[in-house]
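When you get a sec, could you build the whole thing from the sequences and use the hints?
Each step along the sequence shown adds one to the number in this note's numbering, with nothing skipped, and position 119 is 119.
Treat the hints as calculated values from the structure; they're not laboratory data.
You may find that some hints are simply not true.
With a straight-line Cα cutoff of 20 Å, these simulated EDC-like cross-link-like pairs (lysine to aspartate or glutamate) come out [to be verified]:
#, residue 1, residue 2
1, K294, E246
2, K103, D139
3, K176, E293
4, K176, E191
5, K175, E293
The calculated label-pair distances, taken between Cβ atoms and stated as ranges, are [to be verified]:
#, residue 1, residue 2, range
6, R174, Q32, 37 to 45 Å
7, R174, N30, 31 to 39 Å
8, Q301, Y337, 26 to 34 Å
9, S217, L156, 27 to 35 Å
10, D152, K231, 39 to 47 Å
11, P255, K294, 45 to 53 Å
12, E141, I70, 41 to 49 Å
Nothing here was measured: the structure is a model prediction, and the numbers come from that model.
For glycine and all other residues, C-beta sits at the position ideal for the given N, C-alpha and C.
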Amino acid sequence: MAHPFLVGQVKFDPSQPPIALQPFTFSPYNTQNTITHYEAFWGLYLPITTTFRVCDIWRGFWVQRLLWDIGGRLVFATSTVNQVRNSHSYIKDMQEEHDLYQKSGSFARFLTLWSSSLPSLPERIVQLARAIAQAHFWDHEEIEIMKAWISDLHSLGYKFPSIVRPALSRTVIRKKRAAVCVTGLTECIDEAWAKSDVTLRERLHGDIDTFLFLSSSYSSKGSVPLNKRLKQVRSYLNSTVTVLYEDRIIDPQIPSDCKAEFQLRGGAPIPVLGYLQQLWALAECYHLVKDYEKRFHVQYQLLVRTRIDILNQMPSTFDRADPFNINTTIILPRNRYFPQVYDDGFAMGPMESMFYYMTRWYHLKRCPPDGVYQPGIYLFRHLQRFLNVTIDPESTGAADAIAHGSKFCH
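Have a look at this one:
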């Protein structure tokens, strides 16, 4: 937003619903267009031993960690101001923001691992300030100033919120039926996935959580502008977690002497870079689900993988006996055009079995004897190494993706 050619051009969506961050999730926020409620007045403190460009961002991370202990949340809503940027040195900004670029990840990990058994928030504030200084994220001088800040708040009659204690002394794991990983480009969510979601829930009973893991930077050659497709995804509320990532340079580590072949004779051309991004995204979405399980004490029985742009055909129910028992086997759709290969657009099965499906990305560095990486053939051979799968004649996958064209949602 600070790019000189973008000043005044960035627009916020006024219809975007507010987003509250869950514990163990960090996002930077600063001192601009920010409302602080009474219960978080203690968090108005700004560190003085960091650079000016770092102080409010470091403060934001520190505040978010302590909010977890009082049951608080950081909430992002739409902008309520128009900012007119003054002229200043972006080079100087970059120099003062060095710690943001180099230390934000380690600072967030440090705060995630920090915990306290002290009974009051003021005690924890000072304890955390001392721990941050010992970890060299700010100077030790900050501790005494923090103590003075707390003393001033007490003298003004400020009432610090109480520590929220866990209701249970032991962790209770909530068992859920399925997690759904929806991957692909940011497109067709209303025309395809929203409808497939309804169909899936009618046929797979139990608690289902949806994880959208979508590319936000790839601009397809379709008729729908990227900013409109992004708005549609951000407005979609029936997901547990939504991740919009930017495509990046990825290295599958395929050996240089491997004569890799991605195309199938007589088949549609495979966009190799897009296919590799897809495999990378599948692995990332799988790890996202497993991380969610760990953080929120959830255990999923099943994992479903689907592309966002597919209008899946499904059986009348997924509660079936062998060989279509999804509790014991992975089911894949038939490949409508090439029965000798697997369809790579949809799959469902036990979490422990779907690990092999979702993490193919890490196996690309092993060159097949014939060099064939064609998606359907590679998937077939890969899964055969670890487990048996069942082809479901009543399900469809990539063959039912919405077509590209001027009248469609791409």
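Results for each hint:
no. : hint                    : verdict
1   : K294 x E246             : 25 Å, violated
2   : K103 x D139             : 15 Å, holds
3   : K176 x E293             : 10 Å, holds
4   : K176 x E191             : 27 Å, violated
5   : K175 x E293             : 10 Å, holds
6   : R174 x Q32: 37 to 45 Å  : 38 Å, holds
7   : R174 x N30: 31 to 39 Å  : 36 Å, holds
8   : Q301 x Y337: 26 to 34 Å : 32 Å, holds
9   : S217 x L156: 27 to 35 Å : 48 Å, violated
10  : D152 x K231: 39 to 47 Å : 44 Å, holds
11  : P255 x K294: 45 to 53 Å : 34 Å, violated
12  : E141 x I70: 41 to 49 Å  : 26 Å, violated
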